[in-house]
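Place chain G with the ligands on chain H using the hints.
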Amino acid sequence: MAKIPVQFRLNGSDRAAFVGPSDNLLTLLRRGLNDFGPKYGCGQGTCGTCTVLVDGDLQLSCLTLAATCEGKHVETVSGMAEGPVLHPLQQAFMDHFAAQCGFCTPGMLTAAKALLAANPNPTRAEVIDGISGNICRCTGYDAIIEAILAAARGGQAKRTY
Amino acid sequence: MLEFRKDLFAAERDDNLNIVGKGAQRQDMPGHVTGRSPFFDDHAFEGLLHLKVVRSPHHHARIRAIDTTAAERAPGVKRILRGADVPLNKNTLLSLINFGKDDEPTLAVSKVSYKGEPVVAIIAETEQQALAARALVRVDYDVLPHVFDVEEALKPGAPVVNETYPNNYFEYHDRYDHSKLRFGDVDRAFATADFIVDDRYQMSPIEHAPTETNGSIAAPEQNDRFVVHSCAQGLFFSLGTAAKILKLESNRLHFIGGTVGGGFGGKVDSLTEPLSILGAMMTGQPVRYVLDREEEMLYGSPRGAERIYIKDGILRDGRIVARRIRSYFDAGAYTRLSSYAAIKCTAHLPGPYTIPNVSADIYVAYTNRCPSTAMRGFGITAVDFALEVHMDKGAEACGMDPMEFRILNAYRDEDMKAHRRVAKNTALIECVQVVAEKAGWPLSDEARRQSSLTGGGGARALIPATPIDDNGRIGRPETRTGPATETLPAGAMRIPMTKQPIMEGSAEARPTPAAVPQYEPYRPTPASMPPAYQPMPAAPPPAMPPTAATAPPPAAAPAPAPAQPTQHGAVRFSSVFGTRRR
Ligand code: FES
Ligand code: FES
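If you're matching them up, the sequences are chains H and G in order.
Start counting at 1 in the first sequence, then tack on 53, and there's your number in the working numbering.
Start counting at 1 in the second sequence, then tack on 244, and there's your number in the working numbering.
Next comes chain H alone, as it looks inside the complex:
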């Protein structure tokens, strides 16, 4: 099958690849471009572990055709930190013990980033809504919600457990 050339920005750098017409962005990122930040959890849009930002919008990369990313800016968890300096959300996740196995964490962080970009001061209910597309089987969510709220407050909140 004929391959389609696609060029886009990935976490600030230009990337190019040839993709099949039915290839999804998740497979391209992981197997084509070696960005292992987004994870495969279901491949059918139900778990959120593959969440990325495309031009600032939350997207499930497993359901995004790679060819549609032409000319766009794709952001994944791998580009969140500035070198060794963690993003405030990453620091808050660490401080609040918001990851156990860590498999949902890339998707959670990306969803949280989109949430705070749109709504810098979310209520608890808005945080819950913001991560409602992301499944975590380990933490029970509470630590994640606290971490996101703390990051929104400037990361100063004290850890409660």
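Some hints could be false.
[What the hints assert, rightly or not] Label-pair restraints from in silico Cβ distances:
1. Pro-686/G with Gly-186/H: 40 to 46 Å
2. Arg-444/G with Gly-207/H: 52 to 58 Å
3. Gly-186/H with Asp-431/G: 47 to 53 Å
[Stated by the list, open to error] Listed next, the stretches of chain H that the computed footprint assigns to chain G, with coverage defined by at least 3 CB atoms under 8 Å from CB atoms of chain G:
4. 95 to 106
5. 109 to 121
6. 164 to 178
Hints were generated in silico from the structure; no laboratory data involved.
Every residue gets a Cβ at the ideal spot worked out from N, C-alpha and C, and that includes glycine.
Frame of chain H, contents of chain G with the ligands only:
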């Protein structure tokens, strides 16, 4: 909010602990929040091939023929694996500690015993090509009757699920159809009880549903070794299992793992590693075998379902005088870890209560369901659910507050447990008191004054006379009805073996030990063997008490037993099964 109660378990608590009770950052946290934690699938390989399996669409069927010619010619297909390609195509996980017979093929050959059982593996250049070729494999099945119900499976004439265990039950010590606990005389005690509370509990299988599905990548490494990126929860368990199935020296396998995207017990079965490695051996290229979400949910092994019958005899004052339990653990089609779950269940009975007469028969039954495996306290969790619901019913029957009913019946330090071990460091009473307080549940002054440290021992430390009934002692259904043959005198620690095994064929069916020379388990010194029976050449010791095979029996009650030194590793694990080692 965590609260550390140093007043409970005071004797166990060290004051100089560096980590316990304090917050500590996870070592893997920086990797998790930056997306750099190396899960098994987060590794790039040149020429990575993808493996997909053809699964049985039937619950139970004989395989008449497998035709892979069309699939072999499909685009991108590199290799097709069949059962005959698997060097040792029959394994049971706990064979690494010599427990149970090899019963599960990696790829089914002559029959399938559950829906979703792998039959053929396709290795292709892309996942899509592997999936496309999978649809071209033709398997001709002869559908057989299936059985899903644990008790139906044990009835004579039920379809034989697993030919290694033709009676549809796991054979403890090659001949017992169940794991068993006897303490005192339940029948006599039931006759003295004011209330009898009898009920049945049934749970469903539970899928772990980890966010990361099961999978592995295997690749040829230098020096004729294979590197294996694995999600296994027990990395060396998986390494040993793969080495055995592939008949490889374990030093030819280089397993890398430990970063597990959620396991909860569902990643101990080595579901993918043997086939990935075999694929890498056959193709000379890296092979990735990952379950998709549908496979994970349907065919990743679940927590096994259990059916539990509990009958309690209770006196008017609330004391439980007898408890009888009959439980059926649904192993699914193959053993995996169910045999171990049932032993844990038996060892847990009758729950944290001092009950002078206890009788339990725990069966592991094979059904045509997906094989079940470990999951967070498996073997214990379901029976605890049943026991605690039953406790509430018992409290209701005798008109007592359920919290006080538990405090009254709770075990206390120095009590004799039904396994003929002395209870130590008990704290159920205190736990109930704390829970009642936190929940604002009123307790009587009397209940609040109770303590696990006092009131135990004495008469509660005696081992009662125990009639030995013949119910299911020998692994043949028709012998289950025999009369009680003898009574074990009060104070006796173990039940001597009185019968020769009558189950044929099981000894020959054992795997050849040569298959896993590197796992020859530790042999205990003769001094550590229990003296109470004469080991026979083909006969492991009896199941009762199941925990006592390598530990010397403690002194007769009421003197509390001295603390046994803790053993570690395989010895301790095997001792749980009472399995005799080669
Ligand atoms: S992998 Fe995309 S939503 Fe689950
Ligand atoms: S931390 Fe394991 S799934 Fe969220």
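Each hint, compared with the structure:
1. Pro-686/G with Gly-186/H: 40 to 46 Å: 45 Å, holds
2. Arg-444/G with Gly-207/H: 52 to 58 Å: Holds - the Cβ-Cβ distance for Arg-444/G and Gly-207/H, about 56 Å, lies within 52 to 58 Å.
3. Gly-186/H with Asp-431/G: 47 to 53 Å: Because 58 Å falls outside the window, the suggested range is violated.
4. 95 to 106: n = 6 at 8 Å, threshold three: holds.
5. 109 to 121: Violated, because only 0 residues of the stretch 109 to 121 of chain H bring their Cβ atoms closer than 8 Å to Cβ atoms of chain G.
6. 164 to 178: Contact hint for the stretch 164 to 178 of chain H vs chain G: violated, 0 residues under 8 Å.
In this structure, the earlier hints numbered 3, 5 and 6 are contradicted, and the remaining ones agree with it.
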